[in-house]
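Below, each chain spelled out in residue letters.
2 protein chains.
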Amino acid sequence: MLNFTYSNKTIIHFGDKQIAKLTKAIDKKRKVLLAYGGGSIKNNGIYQQICDALKEHNVVEFSGIEPNPSYETTMKAVELVKEQGVDFILAVGGGSVIDGCKFIAAAAKFEGEPWDILAKNAPVKSAVPIGVVLTLPATGSESNSYAVVSKLATKDKFAFGSPYVHPEFAILDPMVMSTLPERQLTNGIVDAFVHVMEQYLTFNVNGKVQDRFSEGLLLTLIEEGPKVFNEVNDDVRANVMWSATMALNGLIGSGVPQDWATHGIGHEITALYGLDHAQTLAIILPRMMWEMRTEKQDKLIQYASRVWDINEGSNEERIKLAIEKTEQFFQAVKMKTRFSEYQLGEEVVDTLITQLERHGQTAMGEAQAVTLERSKTIIANSL
Amino acid sequence: MLNFTYSNKTIIHFGDKQIAKLTKAIDKKRKVLLAYGGGSIKNNGIYQQICDALKEHNVVEFSGIEPNPSYETTMKAVELVKEQGVDFILAVGGGSVIDGCKFIAAAAKFEGEPWDILAKNAPVKSAVPIGVVLTLPATGSESNSYAVVSKLATKDKFAFGSPYVHPEFAILDPMVMSTLPERQLTNGIVDAFVHVMEQYLTFNVNGKVQDRFSEGLLLTLIEEGPKVFNEVNDDVRANVMWSATMALNGLIGSGVPQDWATHGIGHEITALYGLDHAQTLAIILPRMMWEMRTEKQDKLIQYASRVWDINEGSNEERIKLAIEKTEQFFQAVKMKTRFSEYQLGEEVVDTLITQLERHGQTAMGEAQAVTLERSKTIIANSL
Numbered sequence: 482m483l484n485f486t487y488s489n490k491t492i493i494h495f496g497d498k499q500i501a502k503l504t505k506a507i508d509k510k511r512k513v514l515l516a517y518g519g520g521s522i523k524n525n526g527i528y529q530q531i532c533d534a535l536k537e538h539n540v541v542e543f544s545g546i547e548p549n550p551s552y553e554t555t556m557k558a559v560e561l562v563k564e565q566g567v568d569f570i571l572a573v574g575g576g577s578v579i580d581g582c583k584f585i586a587a588a589a590k591f592e593g594e595p596w597d598i599l600a601k602n603a604p605v606k607s608a609v610p611i612g613v614v615l616t617l618p619a620t621g622s623e624s625n626s627y628a629v630v631s632k633l634a635t636k637d638k639f640a641f642g643s644p645y646v647h648p649e650f651a652i653l654d655p656m657v658m659s660t661l662p663e664r665q666l667t668n669g670i671v672d673a674f675v676h677v678m679e680q681y682l683t684f685n686v687n688g689k690v691q692d693r694f695s696e697g698l699l700l701t702l703i704e705e706g707p708k709v710f711n712e713v714n715d716d717v718r719a720n721v722m723w724s725a726t727m728a729l730n731g732l733i734g735s736g737v738p739q740d741w742a743t744h745g746i747g748h749e750i751t752a753l754y755g756l757d758h759a760q761t762l763a764i765i766l767p768r769m770m771w772e773m774r775t776e777k778q779d780k781l782i783q784y785a786s787r788v789w790d791i792n793e794g795s796n797e798e799r800i801k802l803a804i805e806k807t808e809q810f811f812q813a814v815k816m817k818t819r820f821s822e823y824q825l826g827e828e829v830v831d832t833l834i835t836q837l838e839r840h841g842q843t844a845m846g847e848a849q850a851v852t853l854e855r856s857k858t859i860i861a862n863s864l
Numbered sequence: 482m483l484n485f486t487y488s489n490k491t492i493i494h495f496g497d498k499q500i501a502k503l504t505k506a507i508d509k510k511r512k513v514l515l516a517y518g519g520g521s522i523k524n525n526g527i528y529q530q531i532c533d534a535l536k537e538h539n540v541v542e543f544s545g546i547e548p549n550p551s552y553e554t555t556m557k558a559v560e561l562v563k564e565q566g567v568d569f570i571l572a573v574g575g576g577s578v579i580d581g582c583k584f585i586a587a588a589a590k591f592e593g594e595p596w597d598i599l600a601k602n603a604p605v606k607s608a609v610p611i612g613v614v615l616t617l618p619a620t621g622s623e624s625n626s627y628a629v630v631s632k633l634a635t636k637d638k639f640a641f642g643s644p645y646v647h648p649e650f651a652i653l654d655p656m657v658m659s660t661l662p663e664r665q666l667t668n669g670i671v672d673a674f675v676h677v678m679e680q681y682l683t684f685n686v687n688g689k690v691q692d693r694f695s696e697g698l699l700l701t702l703i704e705e706g707p708k709v710f711n712e713v714n715d716d717v718r719a720n721v722m723w724s725a726t727m728a729l730n731g732l733i734g735s736g737v738p739q740d741w742a743t744h745g746i747g748h749e750i751t752a753l754y755g756l757d758h759a760q761t762l763a764i765i766l767p768r769m770m771w772e773m774r775t776e777k778q779d780k781l782i783q784y785a786s787r788v789w790d791i792n793e794g795s796n797e798e799r800i801k802l803a804i805e806k807t808e809q810f811f812q813a814v815k816m817k818t819r820f821s822e823y824q825l826g827e828e829v830v831d832t833l834i835t836q837l838e839r840h841g842q843t844a845m846g847e848a849q850a851v852t853l854e855r856s857k858t859i860i861a862n863s864l
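These protein sequence lines map, in sequence, to chains A and B.
Using my numbering, you'd call the opening residue of the first sequence number 482 and step up by one each time.
Using my numbering, you'd call the opening residue of the second sequence number 482 and step up by one each time.
This is chain A alone, in the form it adopts within the complex (with noise of 0.2 Å):
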């Protein structure tokens, strides 16, 4: 196992009904800034119920953050976090809308220009506190110090990361998947199991926890996601929630190696092409695990055998029945895993592959064995 520091100090209220603990969790001192996305929350009484629980508060509102948050989007936020002197963001939607509230906040006390936070790793030193309601599990950015935020001028997706931008707490209630289109559950459900495949599918340190835990969430994942389209209920939303918030709040990544090679390249498929995140990775990892596979072979049959049970053939066949397995399971969940599906062709392979050069993704993965020419079979192979 690696050496690690790990601790998480987001304070989790789960549960029904749990939105009133709004009231306490924010100080009433507080001038907080309400940001959501498109509006749906006034649809599905989410807004109604926030409204409710800070009734006393001072607030003012910003609507409007778009899927893959913008920085010109988030910079309009900015200027009005500076002009009402705004002490508090509570970010009420998925990852979209977390993600560009913590870019709010770090940029609202950024000295310089705040695209150097995205662009050139600038230092974070302090942030306006936030706190989350979550209306969509997917991401994991409700409890952890990260975010992607995109330059629509120029195309670029840059990740950035802080403790200061670490929400103080986070509300979720499994009901709010209730109103959710299907699209964003899928979605949803896709990307928190690539979240834990990043984190687990790597070369062995004998993490034995982390292994385990990964496995459990991918395994409770397969299990209930699918029933989210049929047979839902309390118990079903409730497990797909929690296990998108634990497959990336650090825990099951420390004192392990970390890829998110599928991630680089998924990120450059959305800013050029504009598929959602989750279907860029639901395209891209079924090619990379096997691209992948003598590198990572012991943590392959590892997966075969305790995610599907897969315990017969050769090693390259347990891997390619998982791999299969891996792919049919995003299919259940209503999930397309082919450019193709998306009226994409050829033409993407030179795009992508010059769009990775330029952002330096030329040796992606946890052992950097992903080059670019790698990339490009991954890349072709899933057309």
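Simulated from the structure, these hints should not be mistaken for lab results.
Hints may be right or wrong, so weigh each one.
Pairs involving identical chains hold if they fit within one copy or between any two copies, as the list cannot separate such chains.
Claimed, not checked - Within a straight-line C-alpha distance of at most 25 Å, the following computed DSS-like cross-link-like pairs (lysine-lysine) qualify:
#1 806 with 536
#2 801 with 490
#3 780 with 708
#4 606 with 505
#5 502 with 606
#6 590 with 510
#7 509 with 490
#8 490 with 505
#9 606 with 510
#10 708 with 806
#11 557 with 780
#12 801 with 815
#13 708 with 505
#14 632 with 606
#15 708 with 563
#16 502 with 490
#17 536 with 815
#18 606 with 523
#19 590 with 857
#20 801 with 601
#21 557 with 636
Small disclaimer: the values here were computed from a predicted structure and weren't measured.
Given the coordinates of chain A, assemble chain B onto it according to the supplied hints.
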């Protein structure tokens, strides 16, 4: 799944040579109480590493916190804290030292008779902040809010909990295990195992993540625990240490019912007969499982299957075999599992029942189903 609120603020520094992180983890403006037990840290190099890390800090020492820390001893430290104006407590030890320090931290700030914190659940409203260097993986006390303290004069053993005594940081260097006496390793492994069981082996609320995480910890302890005595290496130590912390940091018990009846009886055995805490748990747990086999049938069958790969036979046969395997695991880590092995006989039954009654322990467990009568059966079956 049940509603829950979960947070854990402890910053974990895990791995080789992490003790050096003390230098930055404790503000130099603070006056530090370095508190420890019988002095073994002076022989194994830990004391020296701590002194090196704190050479520029203002430190006073308090040693002699005993196994099952006593009110009498800890109150001497409370006086020292007040006299010397200590404003940070560094607990160096296992669960006993940490628990003792939690009580010292709370008692030093308590207005009134500190014993009331233990005996009357008097609310703790502040505490001296605490950090930990863990020397014995076992209780999980290094990153939770709970402590157990005994009063020698009356043979009472009480628990208390408060977020104010939750450690700010904990340093977990698995190498500290290399110089531990066999008995302490045995105790630690069994203690961690039973902590998981108390949160796992309850009625089923379909908390799939919690169940899988619990099973992951049990499997890790079963695989790695016995190796500690033979084929030990860095990874074995790291896996056991991380399992013990994760076993009782609040995570696996969030959103599920919790039992603690085995601990209820176990605490009385320690208070009356001086057996180590884990020794008492290993005596009681197998018979507790058997006595509660109807109420806990679903989870016992799941435990048999997922942890011990027992998938054939009648329900009763599977449960019986799983309990036998559990007891054999305790024996494999060199733990005794019967009163008679400690030269205790029938006389313990009535004495323990009287003590349980005196402490109001007449309906223990997640369903309050462990009555005095059933406790009597469990104890009698454990002779």
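Problem set entry | Hint numbers contradicted by this structure | 1, 2, 11, 13, 15, 17, 18, 19 and 20
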